[in-house]
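Chains B and F supply the protein sequences, listed in that same order. All residue numbers for the first sequence refer to our numbering, where the first residue is 31 and numbers rise by one. All residue numbers for the second sequence refer to our numbering, where the first residue is 31 and numbers rise by one.
Hints in this document: simulated from the structure, not taken from any laboratory. Don't take each hint at face value.
Since the list can't tell identical chains apart, any single copy or any two copies may satisfy a pair.
Simulated pairs of lysine-lysine, DSBU-like, Cα-Cα distance not exceeding 30 Å [unchecked claim]:
#1 134 to 90
#2 68 to 90
#3 68 to 108
#4 134 to 108
Quick caveat: nothing in here was measured; it's all calculated off a predicted structure.
Protein chains: 2
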Amino acid sequence: MSTDDPAFARLPDPPYYAVIFTTRRTEGDHGYAEMAEKMEILAREQPGFLGIESVRAPDKSGITVSYWESEDAIRAWKRNAEHTAARELGRTRWYEHYELKVAKVERAYGM
Amino acid sequence: MSTDDPAFARLPDPPYYAVIFTTRRTEGDHGYAEMAEKMEILAREQPGFLGIESVRAPDKSGITVSYWESEDAIRAWKRNAEHTAARELGRTRWYEHYELKVAKVERAYGM
């Protein structure tokens, strides 16, 4: 059953790739919200981008999963200059800690 | 750099498997919080369980990622009778919608 709920990425059948980004934000905004929106808009323009799902709890923990057609698409996005600059600010300013995983989605099903 | 922050699962080096569970909760609790805690305790006891990361936003959207040693471990957990009963309640009572993906984690790195 499909849904129009924007919490769910509309994805093709597997296989495709997922980048699982688990984070703990620092206190305060420090330009984060503006940059997060900018980076999501930019990501959506990248070749091979399939979708994104992102949740942040009041305790500042968050999980963002972005979906990509291929590992090459993920690597190209990692090399993007604006994204590279944003990641550096993430490390120094916006995240207390983060973990990133690249995974190949093999099966998918929904409610 | 490792962290003691419980928002982050402590995982071995890849490869391992991830189950990405994206959800939208219904309004109200309806026994959800108690069952969610019970299922997490039960999951942690399963052979091949590696860790779990879970975030829910005030808008009721959520992402839970559980990590497993193998696809067999994921299948065995899916067949667990208590978990099967909980999933049925999830479909009928707790979730407006959900999507589930099984993925092989190939690379992982952190801050």
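Going through the hints against the structure:
no.	hint	verdict
1	134 to 90	both (27 Å within a copy, 27 Å between copies)
2	68 to 90	both (20 Å within a copy, 24 Å between copies)
3	68 to 108	within (15 Å within a copy, 39 Å between copies)
4	134 to 108	both (17 Å within a copy, 20 Å between copies)
This entry satisfies every hint, going by the numbered hints stated previously.
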